[in-house]
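Line order of the protein sequences matches chains A and B. In case it helps, the numbering used here puts the first sequence at residues 1 to 253. In case it helps, the numbering used here puts the second sequence at residues 1001 to 1203.
Hints in this document: simulated from the structure, not taken from any laboratory. It is possible that some hints are incorrect.
Said to hold, decoys possible - A short list of chain B residues far from chain A (calculated; beta carbon distances all over 12 Å): (1) R1032; (2) V1038; (3) D1044; (4) R1046; (5) A1054; (6) I1059; (7) S1063; (8) T1104; (9) R1128; (10) Q1142; (11) E1143; (12) R1177; (13) Y1187; (14) E1190.
To be verified - Derived lysine-lysine pairs resembling PhoX-like cross-links, with alpha carbons at most 25 Å apart: (15) A:K199 with A:K212; (16) A:K41 with B:K1028; (17) A:K212 with A:K224; (18) B:K1021 with B:K1056; (19) A:K41 with B:K1056; (20) A:K243 with A:K212.
We put the CB at the ideal spot given by N, CA and C, even for glycine.
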Amino acid sequence: MSRLRTYRTEAVVIRQMPLGEADRILTLCSPDMGKVRAVAKGVRRTKSRMGGHLDLLNHAAVSLARGRNLDAISEASAISTFGGIRADLRRVSRALYVAELVDRFSMEGNGNLAAYLLLLNTLGWLERAPNLDLLLRWFELRLLDYSGYMPELVHCIECREWLEPGDHLFTCEGGGALCPQCRSGSYSPLIPVPVSAMKTLRFLQREADFGKMAALNVGDRVLKDIERLMRAYIRHIIEREVKSAEFMNLTTS
Amino acid sequence: MTIDGTFAAAPVARLADEFSKLPGIGPKTAQRLTYYLVRMPEEDARALAEAIIAVKERIVFCSQCFNITDSDPCAVCANPRRDRTRICVVEEALDVLALERTNTYRGMYHVLHGVISPMNGIGPSDLRIQPLLERLNGEDIQEVILATNPNLEGEATSMYIQQLIAPLGIRVTRPARGLPVGGDLEYADEVTLGRAIEGRQEF
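The shape of chain A in the complex, shown without the other chains (with noise of 0.2 Å):
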């Protein structure tokens, strides 16, 4: 990283929180520098010729100046505000929720160019997509893959076999799934995986181009269970509450 006083990078507003009177601390999620947090000031006024394209969830390029605590924002031009978003309350929320996993995920300083380009191909997704909730659950696993912590859903974790079709159980300490052998070992909460579950999940893990699954017809049941195990998966990782996941479920019709 260069000790320039100023730099320019792009970035999507992840998090925000008022500071003082009119201004803003923002977390940034950049290609480069991961997360980064800068003050923006004097944005909350009308007249403020930043405000607007530093929104929560717009993707800016931005010109920054390094401050001897936080670094602030001198400059901000919006690449997309993600319109598509921001008109549907259920979309709005379920980005809410991507943005806080990709914090919670994302480390002050250390580049994940993979989770940046993720973040913005699910906004992107977001805009569009029919079937919201397989959107989320394959941005799971991708920001799973990418943080280094791919659930392991091919071989048993304990003897490394092949798990045979059939249904399964996943244990989150283990981080992956346990054949039948191998269930009354140590691990316990164990999460029932039924085989249809566990093909979706894995046909979402492999691949990369959520396009290829967006016409994809998955049925509630299925969605439900593979829910279930990421919201206890992730909890476990995190170590507490994905907190905007309680509006999302309010916002669900």
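For chain A, the structure is supplied; the task is to place chain B on it using the hints.
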């Protein structure tokens, strides 16, 4: 020793400590305010202290609109000349002041005291949304103006409330989005400029 590492008389340090808890006031400003107060005539200092106590003792939330007030119902809710068929929903009590300064709006208000912010764990049940619905069911309301802030969380809050009001068949509106008076066109962001063009009016 006080928070900023200097040695000062105990009452001075205590006041500076209290000041530094206020938003936007750091240790240096706190110190400056404290030393200014030390030199201030006693009656002025007393008036300030009494004003602070009065705010805490006499200010309550209006039982109808949840604006902050020293009399319940508040001055707007008690005024018989206001249009009782319109309610303007705002995030904070300060927004009521801003709207009152326009001298354009003559209806009633409803203060939510916040905005839905899922990532910060603030959901609909943390705001005064339920009392709003009770008002809409109990009073003769023709129009609800959703005047939350024009950003993602404000819009999300408005959309959520709109969905709850829709079954009641009441007209729901929101303030126009457009160019700020006195601003430069070239600095407007695409959303604002787009909305301004969409909502253009006959010259």
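Status of each hint after checking the structure:
1. R1032: holds (17 Å)
2. V1038: Non-interface label on V1038 (chain B) holds, nearest chain A Cβ at 26 Å vs cutoff 12 Å.
3. D1044: holds (25 Å)
4. R1046: holds (28 Å)
5. A1054: A1054 (chain B) is indeed farther than 12 Å from all Cβ atoms of chain A, at 24 Å.
6. I1059: Non-interface label stands for I1059 (chain B): nearest chain A Cβ at 21 Å, farther than 12 Å.
7. S1063: Nearest chain A Cβ is 27 Å from S1063 (chain B), so the label holds.
8. T1104: Non-interface label stands for T1104 (chain B): nearest chain A Cβ at 16 Å, farther than 12 Å.
9. R1128: holds (17 Å)
10. Q1142: Given a closest Cβ separation of 25 Å, the condition holds.
11. E1143: holds (21 Å)
12. R1177: violated (10 Å)
13. Y1187: violated (4 Å)
14. E1190: violated (6 Å)
15. A:K199 with A:K212: This hinted pair holds, its Cα atoms lying about 16 Å apart.
16. A:K41 with B:K1028: The given pair, whose Cα atoms are some 20 Å apart, holds under the 25 Å limit.
17. A:K212 with A:K224: holds (21 Å)
18. B:K1021 with B:K1056: holds (16 Å)
19. A:K41 with B:K1056: Cα-Cα ~31 Å, so violated.
20. A:K243 with A:K212: Outside the cut-off at roughly 30 Å; violated.
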